[in-house]
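Participant: Next come the chains, spelled out residue by residue.
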Amino acid sequence: MDSINQWISSGGVADVLFYVFATLTILCAVLVIVNPFSRSPVTSAMFLVLTILSMSGLFVLLHAFFLAAVQIIVYAGAVLVLFVFVIMLLDLQEEERRRLKLFSAVTGLIAMVSIVSAFLKSLAAVKATADTPQIEGDTLSLGKLLFNHYTLPFEIVSVLLLVAMIGAILLSRKKLE
Amino acid sequence: MHVGLHEYLFVSIMLFCIGLLGVILRRNLLVIYMSLELMLNAANLALVTFSRFNNQLDGQVLVFFIITVAAAEVAVGLALIVALFRKRRSAHVEDLTSLKL
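From first to last, the protein sequence lines are chains A and B.
1 is the number of the first residue of the first sequence in our numbering; add one for each residue after it.
178 is the number of the first residue of the second sequence in our numbering; add one for each residue after it.
Treat the hints as calculated values from the structure; they're not laboratory data.
Treat the numbers as computed from the prediction; the structure is a model and nothing was measured.
It cannot be assumed that every hint is accurate.
Straight-line alpha carbon distances no greater than 25 Å define the calculated SDA-like cross-link-like pairs of lysine to any residue that follow [said to hold, decoys possible]:
(1) A:K174 / B:V259
(2) A:K101 / B:V270
(3) B:K277 / B:S267
Model the full assembly from the supplied sequences, consistent with the hints where possible.
Facilitator: Printed below as a string of structure tokens:
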């Protein structure tokens, strides 16, 4: 872990890796929503996997090692498998012949441009308080924080997962009353 | 030029807006759901970035919770989509207009 740390922190390599992962993330995210070759949800799901993998690379560059692992295990492992499973279950064949509406494309682009400009304007006011970032998001420190200061939210989230599980089972029964 | 806070936040902003565009543009319920995931991931990236450049680990704990809630949301949402598809034989938002007057 230390050698990886050292290698990542050594200036130029991290910058190059950032640009590689950032380009990959944005490119794959664009291909999730507007793919010129295929309108099938399966290709969208596959590009979503690529987006999430390159994003966990960004997490590693930010020294959030535990979250990078969780991102791959939970998103790429569980959520995307669920997506692909549901796509298989639904058998969507009439997907190809529907076309994008011009009106929604224009309004969507207007909304996107206005939100990007608002965000970019506020970005100028953001400043980092730490000159030399030195926190490490490894399992030990994150676990200590989670079980010391965030015990109640942790328990509430576990109840939420239980409720979601019961809800999903109830909703996917054969007969819905 | 050294990569800092602003570069990461720019990636996060672009990711969020791509997700928003997907929600507006696409008509397939599943792809809309994937775009929602993109937007949640953009928020995660911004939180991890702020956590890194402010020397506070709390942001990463919040990301942990967001990932958990997103997993729960996907489970319930996909169960709803499957139930809806069973009743209406369609996963397109244009076919789901029975609430329209």
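Participant: Confirm or reject each hint.
Facilitator: Status of the hints after comparison with the structure:
Under the criterion of a C-alpha separation no larger than 25 Å, the hint pairing K174 of chain A with V259 of chain B is consistent with the structure, at around 11 Å. Between K101 of chain A and V270 of chain B the CA atoms are separated by roughly 13 Å; this keeps the pair inside 25 Å, and the hint holds. For the hint linking K277 of chain B to S267 of chain B, the alpha-carbon distance of about 17 Å falls within 25 Å, and the restraint holds.
In the structure shown, no violation is registered for any of the earlier numbered hints.
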